[in-house]
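2 protein chains.
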Amino acid sequence: MSHTIMDKFFQPKSLALIGATSSPGFGYGIPLFWKKYGWLERAYLVNAKGGELHGRKVYRSIADLPEGVDLAVVIVPATSVRGVLVELGQKGIQAVIIESAGFAEIGPEGKKRQDDLLEISREFGIRLLGPNCVGTINTENQFATVEIMDRAMEPGSVAIMAQSGVFGNILLDHLPEVGVKISKVATMGNKMDLDEADFLDYFVADAKTRVILIYEEGVREGRRFLEALRRACRRKPVVILKSGRTPFGTQATLSHTGSLSGEDRLYDAAFRQAGAIRASSLSEMIEVTRVLSTQPSMKGKKVGILTTSGSLGALAADAIYDESLEIVPWSRGTVETIQEAAPNWVNVKNPLDIGPSGIFPIAMEAIFSDPNPDGFILIPVIPYAAIEVALRLGADERTFFGNWPALRPKIGSKPAIAVLLGGAKWVERVKNLCGETIATVSTPEAAAKALSALYRLSRPF
Amino acid sequence: MSHTIMDKFFQPKSLALIGATSSPGFGYGIPLFWKKYGWLERAYLVNAKGGELHGRKVYRSIADLPEGVDLAVVIVPATSVRGVLVELGQKGIQAVIIESAGFAEIGPEGKKRQDDLLEISREFGIRLLGPNCVGTINTENQFATVEIMDRAMEPGSVAIMAQSGVFGNILLDHLPEVGVKISKVATMGNKMDLDEADFLDYFVADAKTRVILIYEEGVREGRRFLEALRRACRRKPVVILKSGRTPFGTQATLSHTGSLSGEDRLYDAAFRQAGAIRASSLSEMIEVTRVLSTQPSMKGKKVGILTTSGSLGALAADAIYDESLEIVPWSRGTVETIQEAAPNWVNVKNPLDIGPSGIFPIAMEAIFSDPNPDGFILIPVIPYAAIEVALRLGADERTFFGNWPALRPKIGSKPAIAVLLGGAKWVERVKNLCGETIATVSTPEAAAKALSALYRLSRPF
Numbered sequence: 009m010s011h012t013i014m015d016k017f018f019q020p021k022s023l024a025l026i027g028a029t030s031s032p033g034f035g036y037g038i039p040l041f042w043k044k045y046g047w048l049e050r051a052y053l054v055n056a057k058g059g060e061l062h063g064r065k066v067y068r069s070i071a072d073l074p075e076g077v078d079l080a081v082v083i084v085p086a087t088s089v090r091g092v093l094v095e096l097g098q099k100g101i102q103a104v105i106i107e108s109a110g111f112a113e114i115g116p117e118g119k120k121r122q123d124d125l126l127e128i129s130r131e132f133g134i135r136l137l138g139p140n141c142v143g144t145i146n147t148e149n150q151f152a153t154v155e156i157m158d159r160a161m162e163p164g165s166v167a168i169m170a171q172s173g174v175f176g177n178i179l180l181d182h183l184p185e186v187g188v189k190i191s192k193v194a195t196m197g198n199k200m201d202l203d204e205a206d207f208l209d210y211f212v213a214d215a216k217t218r219v220i221l222i223y224e225e226g227v228r229e230g231r232r233f234l235e236a237l238r239r240a241c242r243r244k245p246v247v248i249l250k251s252g253r254t255p256f257g258t259q260a261t262l263s264h265t266g267s268l269s270g271e272d273r274l275y276d277a278a279f280r281q282a283g284a285i286r287a288s289s290l291s292e293m294i295e296v297t298r299v300l301s302t303q304p305s306m307k308g309k310k311v312g313i314l315t316t317s318g319s320l321g322a323l324a325a326d327a328i329y330d331e332s333l334e335i336v337p338w339s340r341g342t343v344e345t346i347q348e349a350a351p352n353w354v355n356v357k358n359p360l361d362i363g364p365s366g367i368f369p370i371a372m373e374a375i376f377s378d379p380n381p382d383g384f385i386l387i388p389v390i391p392y393a394a395i396e397v398a399l400r401l402g403a404d405e406r407t408f409f410g411n412w413p414a415l416r417p418k419i420g421s422k423p424a425i426a427v428l429l430g431g432a433k434w435v436e437r438v439k440n441l442c443g444e445t446i447a448t449v450s451t452p453e454a455a456a457k458a459l460s461a462l463y464r465l466s467r468p469f
Numbered sequence: 009m010s011h012t013i014m015d016k017f018f019q020p021k022s023l024a025l026i027g028a029t030s031s032p033g034f035g036y037g038i039p040l041f042w043k044k045y046g047w048l049e050r051a052y053l054v055n056a057k058g059g060e061l062h063g064r065k066v067y068r069s070i071a072d073l074p075e076g077v078d079l080a081v082v083i084v085p086a087t088s089v090r091g092v093l094v095e096l097g098q099k100g101i102q103a104v105i106i107e108s109a110g111f112a113e114i115g116p117e118g119k120k121r122q123d124d125l126l127e128i129s130r131e132f133g134i135r136l137l138g139p140n141c142v143g144t145i146n147t148e149n150q151f152a153t154v155e156i157m158d159r160a161m162e163p164g165s166v167a168i169m170a171q172s173g174v175f176g177n178i179l180l181d182h183l184p185e186v187g188v189k190i191s192k193v194a195t196m197g198n199k200m201d202l203d204e205a206d207f208l209d210y211f212v213a214d215a216k217t218r219v220i221l222i223y224e225e226g227v228r229e230g231r232r233f234l235e236a237l238r239r240a241c242r243r244k245p246v247v248i249l250k251s252g253r254t255p256f257g258t259q260a261t262l263s264h265t266g267s268l269s270g271e272d273r274l275y276d277a278a279f280r281q282a283g284a285i286r287a288s289s290l291s292e293m294i295e296v297t298r299v300l301s302t303q304p305s306m307k308g309k310k311v312g313i314l315t316t317s318g319s320l321g322a323l324a325a326d327a328i329y330d331e332s333l334e335i336v337p338w339s340r341g342t343v344e345t346i347q348e349a350a351p352n353w354v355n356v357k358n359p360l361d362i363g364p365s366g367i368f369p370i371a372m373e374a375i376f377s378d379p380n381p382d383g384f385i386l387i388p389v390i391p392y393a394a395i396e397v398a399l400r401l402g403a404d405e406r407t408f409f410g411n412w413p414a415l416r417p418k419i420g421s422k423p424a425i426a427v428l429l430g431g432a433k434w435v436e437r438v439k440n441l442c443g444e445t446i447a448t449v450s451t452p453e454a455a456a457k458a459l460s461a462l463y464r465l466s467r468p469f
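These protein sequences, in sequence, are chains A and B.
Heads up: the first sequence begins at 9 in the working numbering, then just goes up one per residue.
Heads up: the second sequence begins at 9 in the working numbering, then just goes up one per residue.
Hints are computed from structural coordinates only; laboratory data are not their basis.
From a predicted model like this one, the values you see are computed outputs, not experimental measurements.
It is possible that some hints are incorrect.
Where chains are identical, the list cannot tell them apart; a pair therefore holds if satisfied intra-copy or between any two copies.
[Claimed, not checked] Quick list of in silico lysine-lysine cross-link-like pairs, DSS-like style, CA-CA up to 30 Å:
#1 LYS307 with LYS57
#2 LYS99 with LYS120
#3 LYS439 with LYS310
#4 LYS44 with LYS244
#5 LYS433 with LYS21
#6 LYS189 with LYS309
#7 LYS244 with LYS307
#8 LYS244 with LYS99
#9 LYS189 with LYS439
#10 LYS439 with LYS244
#11 LYS44 with LYS433
#12 LYS189 with LYS433
#13 LYS43 with LYS21
#14 LYS357 with LYS119
#15 LYS310 with LYS244
#16 LYS43 with LYS433
#17 LYS120 with LYS357
Here chain A stands alone, though its shape is the one from the complex (with noise of 0.2 Å):
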């Protein structure tokens, strides 16, 4: 597979949208979505009814279409799409992005349909993404195939994967929310054609993606998707999501898409073996994502934690427990620098609990200072009661915590992670003073997940 074949379907030079229309719906609302990001000017749009949209002429055929267009989305009914195809095809369109659901997901006579599909693009040389999918999404250049919120356009470093067009959707709507940006998106459907191996490579080449999520639903061909999982875990960590682990689950994605899940644990062994991180939950998957895309990986398995909370620090201690990960002690320095500074109820052991003494900046830098450990938990929480008394003296968030920013060179290519739980305008606030380069969670145990994440990143395979 050719470079550019695959850029086409990120960054054509120019694009068809077969099924453009004037009545709500996606076929209105994709070119209107062009017109807002500056599309609309490279596309042609198609319909047996001609006329204008958007200010845009409509072509009556594709046999009316100029040569040499990148790439064509193609949203006419499952029954019309075989036309559209052997038309599109008789063009010289070699990259084709279906989106109509009606397929192999559907039963034996969809799949009859779709495997009609998959010959006729043989034929003429089409790759083909889909069908049932929403395509592609490419928030660097803010070209995308279907409509998404403005936020979920802000260009980020993780490029996603999915199978299914209604949960990447939602997974695009709802990652921005939680503080995951985007750099690339494929829904791949029904995957006929392309597919986990051929985006792995090439959102692996993407100099814009720093982590790999994927949500998986059944692999069709095993060897070649693990041989491109093993390739891409060497170069950046790849985060996966898989649903049919067990019975009921399998039951359900049969019906879905008509994958086979397949015997879960050996997808377990495999994604392991390839270095891949597999999350268990959701909710995991996008706190482990959040901090993949912003720490470096952690060399060793040494954790310091800095708490004001002596219960959320003894939460993290078992985390890390339970993550297989050291609770290392502080060097001889930092153990003097900081009972000095503390008053002589602190206890100066790791996780450090600085409770309420106020010293949490001097804390900060000492353990940031000391070379033993390799990755470190900030848990920064302070009730309303004391932010009150502080505010009502003047103070804010870098009066209590230090300035992060300035804190952060200090500990290099090691990663930091704060837990953040609280009041939602102090934990915004306190947010900011993370920045870009100190990782946020919302719980301990997310924290340690992701730094195992990150120490996994660090080891030969």
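Put chain B on the given structure of chain A with help from the hints.
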């Protein structure tokens, strides 16, 4: 223990604050908070300097107070607490909250100070909460011995017991943000006198409390606690989050509150035997508590799932399996009703994935009328693109999903949980559709865990 003495901690007729002060801090903030919620006029402020605070006279000594004060809140430095307690005893005050830190949690010296207090309290017949805590909260009468956010003061049905002041406080800030509303709170600190057993009995008897939530580091009197827990679990769901599960966590709790968190497996078995629900993480505790606070128990193991996303349906099915619940076939009537309404590509199974067919209201009414399931998971997700199209057509969340408040009565005392994901604004609208009678969570896994907890609640112990 008489009911009367416990009431003094949550609904005192009059109270005293020992350590009121005009400098910023709790001694200034707590009476200000009392003023805001109408408690200051029932409060006597004490400080050797005398004068006035927030328009209220400050008494120079405890001896000067009128007779019959119900509750005293002490926030003087640790070394002064002994003298204060003797004076309170001499004055005949029987309920005392000691918020000051600097006792058993800091080592032998503090432990000795604490033992002294216990002796004095026994001598005078005082019941003590603390030390090293922030006392109590009662949202019913808007009484609190700690400043909390207005939002945390909104009356709810979850009673909380937390050992730690900071973490207890953080929970108070955090829980209302994530939809858990509070009835009463006891932060117990070092638990030198009143402990879990006392508050369990009190919260079980409390008409405003539906669910009891305990954050536990280490139990002082195991047998007494377990007996109270067993009694409580027969009447109300009790969710426990306990740190010190692992060797690392045990070590951390030891240096935190001086608790011996003990062998975790023993706790685990004991909690289970008593009928409590043990949360494995903070996030699980929050999501499960939120569901328990509004949903009835589930009488059997059979779950029905309605989803617009096959992928999320499959993840829910996996999670149902993990929780040892069951996916039940729909009754013939349900299958027929849905087949009649649905396009032919909808596969009428459980999970029922209706995709973008638009038949959610019909499907929900059908499965809510089905006698087979004991509880329901609804996954009403819609991609932004589809929402955009619908809004153009004048549709809203009811057009998509139906009139949930009207449908809810059909399932009577069966639980229903909605999994909400996507853009924040749209999710907020769907949350309104759920109202107070359909619980919301953010992942399929949380929904399954909550149903499992609701199922366990219905079983005889």
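Hints, one by one, checked against the model:
1. LYS307 with LYS57: For LYS307 and LYS57, neither the intra-copy (62 Å) nor the inter-copy (58 Å) Cα distance is at most 30 Å.
2. LYS99 with LYS120: This pair counts as within: shortest intra-copy Cα distance 24 Å, inter-copy 90 Å.
3. LYS439 with LYS310: within (25 Å within a copy, 42 Å between copies)
4. LYS44 with LYS244: The answer is neither: 33 Å in one copy and 55 Å across copies each exceed 30 Å.
5. LYS433 with LYS21: Intra 44 Å, inter 34 Å, cutoff 30 Å: neither.
6. LYS189 with LYS309: within (28 Å within a copy, 39 Å between copies)
7. LYS244 with LYS307: Only inside one copy: LYS244 and LYS307 sit 15 Å apart there, 47 Å across copies, limit 30 Å.
8. LYS244 with LYS99: For LYS244 and LYS99, neither the intra-copy (38 Å) nor the inter-copy (70 Å) Cα distance is at most 30 Å.
9. LYS189 with LYS439: Close inside one copy (15 Å) and across copies (25 Å); limit 30 Å.
10. LYS439 with LYS244: Classified as within: same-chain Cα gap 26 Å, cross-chain 37 Å, threshold 30 Å.
11. LYS44 with LYS433: Intra 32 Å, inter 21 Å, cutoff 30 Å: inter-copy only.
12. LYS189 with LYS433: both (22 Å within a copy, 18 Å between copies)
13. LYS43 with LYS21: within (15 Å within a copy, 67 Å between copies)
14. LYS357 with LYS119: The answer is between: 20 Å across copies meets 30 Å, while 62 Å in one copy does not.
15. LYS310 with LYS244: Classified as within: same-chain Cα gap 22 Å, cross-chain 42 Å, threshold 30 Å.
16. LYS43 with LYS433: Result: close only across copies, 24 Å inter versus 36 Å intra.
17. LYS120 with LYS357: between (66 Å within a copy, 23 Å between copies)
Going down the numbered hints, you'll see the structure goes against 1, 4, 5, 8, while the others check out.
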